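Engineer: With the hints in hand, could you dock these two chains into one complex?
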Amino acid sequence: NAGVTQTPKFQVLKTGQSMTLQCAQDMNHEYMSWYRQDPGMGLRLIHYSVGAGITDQGEVPNGYNVSRSTTEDFPLRLLSAAPSQTSVYFCASGGRGKYEQYFGPGTRLTVT
Amino acid sequence: GENVEQHPSTLSVQEGDSAVIKCTYSDSASNYFPWYKQELGKRPQLIIDIRSNVGEKKDQRIAVTLNKTAKHFSLHITETQPEDSAVYFCAASSPRGYNKLIFGAGTRLAVHP
Chain A
66 NAGVTQTPKF
76 QVLKTGQSMT
86 LQCAQDMNHE
96 YMSWYRQDPG
106 MGLRLIHYSV
116 GAGITDQGEV
126 PNGYNVSRST
136 TEDFPLRLLS
146 AAPSQTSVYF
156 CASGGRGKYE
166 QYFGPGTRLT
176 VT
Chain B
18 GENVEQHPST
28 LSVQEGDSAV
38 IKCTYSDSAS
48 NYFPWYKQEL
58 GKRPQLIIDI
68 RSNVGEKKDQ
78 RIAVTLNKTA
88 KHFSLHITET
98 QPEDSAVYFC
108 AASSPRGYNK
118 LIFGAGTRLA
128 VHP
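Those protein sequence lines, which keep their order, are chains A and B.
Whatever position you read off the first sequence (first residue = 1), add 65 for the working numbering.
Whatever position you read off the second sequence (first residue = 1), add 17 for the working numbering.
Only chain B is shown next, with the shape it has when bound in the complex (with noise of 0.2 Å):
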């Protein structure tokens, strides 16, 4: 079936440090990979995505990775701030459902000063 493994569950770094978070999905078929960062009580929130036709995007501080060939993506964020600390989900949509999406089980990032 469809699956999203996320690792790892749990990332610890001092302030100024770089952080990646990596994700393996199941279905080849899938396309669109998207990152969400979910702040303490507070809704998910798109922070970056990718699609297959592409291999990395960045946006300032985050840049994501996508390698079609051994089904993996992987979210890097440099120069990490406190304001990082969150957990972070990545995505991959499925192709047996319009929009659809699978999500990993989530990296709790802790940014310490």
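Just chain A, same shape as in the assembly (with noise of 0.2 Å):
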């Protein structure tokens, strides 16, 4: 098993870019979520997902959207990309009734 998998690893944008951070798993986990690192401020949840056709907002959801067609995988959008947004960006997964979560390997983005 892969286990969970982001692509890409570093990406640099310019302000006003879209772009969409991917992230699979393939261990069949019902729960999928996307998270971001800031240094001092920990991991902030800003999407999940409980299942196929089904997500919700996270505590800093703004300037991001999410889907979930498939349980394998659960794409982040960033629709118009700022400065704030220049961060590291963690997905995770978890099984159903299970809270352990696995996270991927990251991906560093870097808006100018």
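Just so you know, these hints were derived from the structure itself, not from any lab.
Certain hints may be false.
Claimed, not checked - What the simulated footprint calls covered on chain A by chain B, stretch by stretch (three residues with Cβ under 8 Å from a Cβ of chain B suffice, anywhere in the stretch; the number is not a length):
| no. | segment |
| --- | --- |
| 1 | 100-109 |
| 2 | 156-169 |
Said to hold, decoys possible - Subject to a maximum C-alpha distance of 25 Å in a straight line, what follows is the list of computed DSS-like cross-link-like pairs (lysine-lysine):
| no. | chain 1 | residue 1 | chain 2 | residue 2 |
| --- | --- | --- | --- | --- |
| 3 | A | 74 | B | 59 |
| 4 | B | 54 | B | 88 |
| 5 | B | 59 | B | 85 |
| 6 | A | 163 | B | 39 |
| 7 | B | 74 | A | 74 |
| 8 | B | 74 | A | 79 |
| 9 | B | 74 | A | 163 |
| 10 | B | 85 | A | 163 |
| 11 | B | 54 | B | 39 |
| 12 | B | 54 | A | 74 |
| 13 | B | 75 | A | 163 |
| 14 | A | 163 | B | 54 |
| 15 | B | 59 | B | 88 |
None of the values given here were measured: they were computed from a predicted structure.
For glycine and all other residues, C-beta sits at the position ideal for the given N, C-alpha and C.
Structural biologist: Structure (structure tokens):
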């Protein structure tokens, strides 16, 4: 099993550009989530999904969209990138009825 | 709202000493409390967790204690080694979201040989 995978590893965007961060898991986990990590602020939840077709907002959803068309994939879309979105983004997944979450390797995004 | 506070933000110990990191949570309905270790440039990795029906859990050199009345829980690392140097995050489950976790801000632990 590859576990949770994320692409790309690094990305530089200009202000106003859009892009999609990819996340996939092969553990048949129902729960998937996106976090951003900024220095001194821990991991903040952006959006999460409890199954295909179901998504909900976390603590910091503004500027991001998600969809969940399959169990395996949970892409995060930045509609119009802003310098405040410079961060490291982690995707995580967890099994039904289990709180344990497994993180992907992260995407380091810089917006200039 | 839901909140997890973590202290200290940095911790420096000598090899062989013990290290303790403390967290408090706001929602008394939280029932799952994991600890993650994140090495530089790597992903967070689950190292130990505890559920609300247990007061203490040990795994070799690490242990977690939970005080539900006071709404706080702690990570204890004994006989620290340089490879324990990392950022440690506590988290608490949110009763308002399936599998949802609320994370503390992290503690940077440095173990000096």
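Engineer: Could you run down the list of hints and mark each one as holding or not?
Structural biologist: Cross-check of the supplied hints:
| no. | hint | in the structure |
| --- | --- | --- |
| 1 | 100-109 | holds (count 6) |
| 2 | 156-169 | holds (count 8) |
| 3 | 74(A) x 59(B) | holds (11 Å) |
| 4 | 54(B) x 88(B) | holds (22 Å) |
| 5 | 59(B) x 85(B) | violated (32 Å) |
| 6 | 163(A) x 39(B) | holds (24 Å) |
| 7 | 74(B) x 74(A) | violated (35 Å) |
| 8 | 74(B) x 79(A) | violated (47 Å) |
| 9 | 74(B) x 163(A) | holds (18 Å) |
| 10 | 85(B) x 163(A) | holds (21 Å) |
| 11 | 54(B) x 39(B) | holds (14 Å) |
| 12 | 54(B) x 74(A) | holds (20 Å) |
| 13 | 75(B) x 163(A) | holds (20 Å) |
| 14 | 163(A) x 54(B) | holds (19 Å) |
| 15 | 59(B) x 88(B) | violated (30 Å) |
Checked against the numbered hints above, the structure violates hints 5, 7, 8, 15; every other hint is satisfied.
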